[in-house]
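Protein chains: 2
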Amino acid sequence: MRIAELSRQTGVPVPTIKYYLREGLLPAGELTSPNQARYDEGHVRRLRLVRVLLDIGRLPIATIRQLLDALDEPDPDVHQVLGHALPTSIAGKDSVDPDSVAAARKRVDRLAEERGWLVGEQAGARQAAAGVLAAFEQVGADVGLLLEQYADVAEVIAKHDLEFVGRAEGPEGMLYAAVVGSILGDSLLAALRRMTQEHESARKFGIRGDDC
Amino acid sequence: MRIAELSRQTGVPVPTIKYYLREGLLPAGELTSPNQARYDEGHVRRLRLVRVLLDIGRLPIATIRQLLDALDEPDPDVHQVLGHALPTSIAGKDSVDPDSVAAARKRVDRLAEERGWLVGEQAGARQAAAGVLAAFEQVGADVGLLLEQYADVAEVIAKHDLEFVGRAEGPEGMLYAAVVGSILGDSLLAALRRMTQEHESARKFGIRGDDC
Numbered sequence: 001m002r003i004a005e006l007s008r009q010t011g012v013p014v015p016t017i018k019y020y021l022r023e024g025l026l027p028a029g030e031l032t033s034p035n036q037a038r039y040d041e042g043h044v045r046r047l048r049l050v051r052v053l054l055d056i057g058r059l060p061i062a063t064i065r066q067l068l069d070a071l072d073e074p075d076p077d078v079h080q081v082l083g084h085a086l087p088t089s090i091a092g093k094d095s096v097d098p099d100s101v102a103a104a105r106k107r108v109d110r111l112a113e114e115r116g117w118l119v120g121e122q123a124g125a126r127q128a129a130a131g132v133l134a135a136f137e138q139v140g141a142d143v144g145l146l147l148e149q150y151a152d153v154a155e156v157i158a159k160h161d162l163e164f165v166g167r168a169e170g171p172e173g174m175l176y177a178a179v180v181g182s183i184l185g186d187s188l189l190a191a192l193r194r195m196t197q198e199h200e201s202a203r204k205f206g207i208r209g210d211d212c
Numbered sequence: 001m002r003i004a005e006l007s008r009q010t011g012v013p014v015p016t017i018k019y020y021l022r023e024g025l026l027p028a029g030e031l032t033s034p035n036q037a038r039y040d041e042g043h044v045r046r047l048r049l050v051r052v053l054l055d056i057g058r059l060p061i062a063t064i065r066q067l068l069d070a071l072d073e074p075d076p077d078v079h080q081v082l083g084h085a086l087p088t089s090i091a092g093k094d095s096v097d098p099d100s101v102a103a104a105r106k107r108v109d110r111l112a113e114e115r116g117w118l119v120g121e122q123a124g125a126r127q128a129a130a131g132v133l134a135a136f137e138q139v140g141a142d143v144g145l146l147l148e149q150y151a152d153v154a155e156v157i158a159k160h161d162l163e164f165v166g167r168a169e170g171p172e173g174m175l176y177a178a179v180v181g182s183i184l185g186d187s188l189l190a191a192l193r194r195m196t197q198e199h200e201s202a203r204k205f206g207i208r209g210d211d212c
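Note that the protein sequences, when read in sequence, are chains A and B. FYI, the numbering for the first sequence is 1 to 212, going by UniProt numbering. FYI, the numbering for the second sequence is 1 to 212, going by UniProt numbering.
Among these hints, one or two may not hold up.
Derived pair list, reagent style DSSO-like, types lysine-lysine, alpha-carbon separation capped at 27 Å [to be verified]:
#	chain 1	residue 1	chain 2	residue 2
1	A	204	B	159
2	B	159	A	159
3	A	159	A	106
4	B	106	B	159
5	B	18	A	159
No lab work stands behind these hints, which were simulated from the structure alone.
Turn these sequences into a full structure, and let the hints steer you where they fit.
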């Protein structure tokens, strides 16, 4: 298909597609003449993935490029691709005091060790968790019990996530599912958590006025 | 304390504090002379909360103002304040086809009804969940089982969250905990989920090279 058709099928404007091509987020089409290229179903799929990563995952372009590069390796390493998808979306807070983050990091490391989690020492998620823990403490919240409860829940979620990945077809499909599930999963969980919080809050504190 | 001391205690630069004052994110200090004001511990606490909401919650200024206004009501409604904290951070995707979102919304409404969740018909979280579901479908992922599993997990999390709120002191403390827990909780859960995903992935697919 031509670029106009690619645009029609995905709803992404042609200039945006050209931008993604320039940024290396979308592989070049097959040249059919010096200034015309042909695109296929692979482009449609890749374009949808890029939109989701940008729009819902809110990942920076550079991270998406890394992730897609890892996905395009001839013999991609599922475990490593998963590693790329991850910490950037939750890292990089500068409002938290570095000393508190360092202290929180020890707590996160202890948690991982006690639970026997196989997580790289350098994994960005360790530092991300430490940043959030430190932020909780900075606003005076006692987060000890919640941390253990969330860790229990996270163990359950990860099992579901990996089963979700396992249901996809072939290595490429599994990688795709891993990336999509990782990024979209956070948002899905957050939305459902809002709903169940509202439910619990309504049960516990009652409903006033016309909230419901 | 003077504004310089408020800045020292919180690590927020004076010009930024002045900006928050102008934007109504921080209540004015008590005037001690025509161009000097005094601030107290309440300002320190509020300033830390604003930083966390901006930096980790990534909430827009207007949403933070609404939330703080609700928090400052003489007789604040916990249930309603919780409602403010919520959907904006996960809503507003424009990369998903509106028809798919409408179909997904029916699925979310059915889920909530089957589970007896007390959630307002107009709750933003319903629409947010629908948006993410539609995005999953748009990239070709079959999310049916995952949705039910996540809903189970969300019910557990919400109970923990409300207990966390209940451990805070007094109505003001509870509101504060609700806002902090809602916003920071998403990030904490996301970070822990990354760690447990890495663990599950390492168990399932093995570790290659020097990832760990």
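Cross-check of the supplied hints:
no., hint, in the structure
1, A:204 <-> B:159, "holds, 10 Å"
2, B:159 <-> A:159, "holds, 21 Å"
3, A:159 <-> A:106, "holds, 25 Å"
4, B:106 <-> B:159, "holds, 25 Å"
5, B:18 <-> A:159, "violated, 47 Å"
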